[in-house]
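Here the structure of chain F is known, so what remains is to put chain L in place on it, guided by the hints.
The listed protein sequences correspond, in order, to chains F and L.
No gaps in the numbering here: position 76 of the first sequence is 76 in the working numbering, and each next residue is one more.
No gaps in the numbering here: position 20 of the second sequence is 20 in the working numbering, and each next residue is one more.
These aren't lab readings, by the way, just hints derived from the structure by calculation.
A couple of the hints might just be wrong.
Label pairs and their calculated CB-CB ranges [unchecked claim]: (1) 83(L) with 70(F): 36 to 46 angstroms; (2) 41(F) with 26(L): 17 to 27 angstroms; (3) 30(L) with 1(F): 22 to 32 angstroms.
As the structure is a computational prediction, the values presented were derived from the model and not from experiment.
Think of the CB as a built atom: it goes at the ideal place given N, C-alpha and C, for glycine as much as any other residue.
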Amino acid sequence: KAGVTQTPRYLIKTRGQQVTLSCSPISGHRSVSWYQQTPGQGLQFLFEYFSETQRNKGNFPGRFSGRQFSNSRSEMNVSTLELGDSALYLCASSLGGQGSETQYFGPGTRLLVL
Amino acid sequence: GNSVTQMEGPVTLSEEAFLTINCTYTATGYPSLFWYVQYPGEGLQLLLKATKADDKGSNKGFEATYRKETTSFHLEKGSVQVSDSAVYFCALSVQAGTALIFGKGTTLSVSS
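For reference, chain F alone in the conformation it holds in the complex (with noise of 0.2 angstroms):
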């Protein structure tokens, strides 16, 4: 099976412009969920989303938002980009979206806001 991917890897944008990052789920995977990672706040949730509805959502500003697809794939959107909101971003899948299951991790996607 196919693990989960994300697209791009890499990329650089400068402040004021806005992103959008792709995550597709392990096959089967209901349940997507996103991770900020940076050096000085380590690992953050960001949102989580469940058969196209965001379930659960992280204490980060409106500017960050996302969306689920019918075929589980998610996107996620940052506008206005901040010095900031440079940071690897990872997107996680699982089964049924329990708190128990083992979530699976993508390579992430690095970004870098100049």
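Below, chain L without anything else, positioned relative to chain F:
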């Protein structure tokens, strides 16, 4: 609120040494506990997990026991290898959802 505290690194060991990375948690309800590992330039991989008190998770020689009385989930390995060099994250998830709450991570460096 829910949180995870793990020992600060880096941890530097010689090959075949014993490893312990401490992890304690604060949570409402009954969380599931996880150890994830991140190798350089890669995403996170599940190392082991435990979903209820007194469960022991184990994988690749690593093990951790879910201790409800001490709210701990310490990671141990009897004999580390150079290939174990990575960053290790302790995490919890509350049953109601999948949001993982991570500790800050502990960098392990093993030399031959």
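Hint check against the structure, violated hint numbers in rising order: Hints that this structure does not satisfy do not exist here, as all of them hold.
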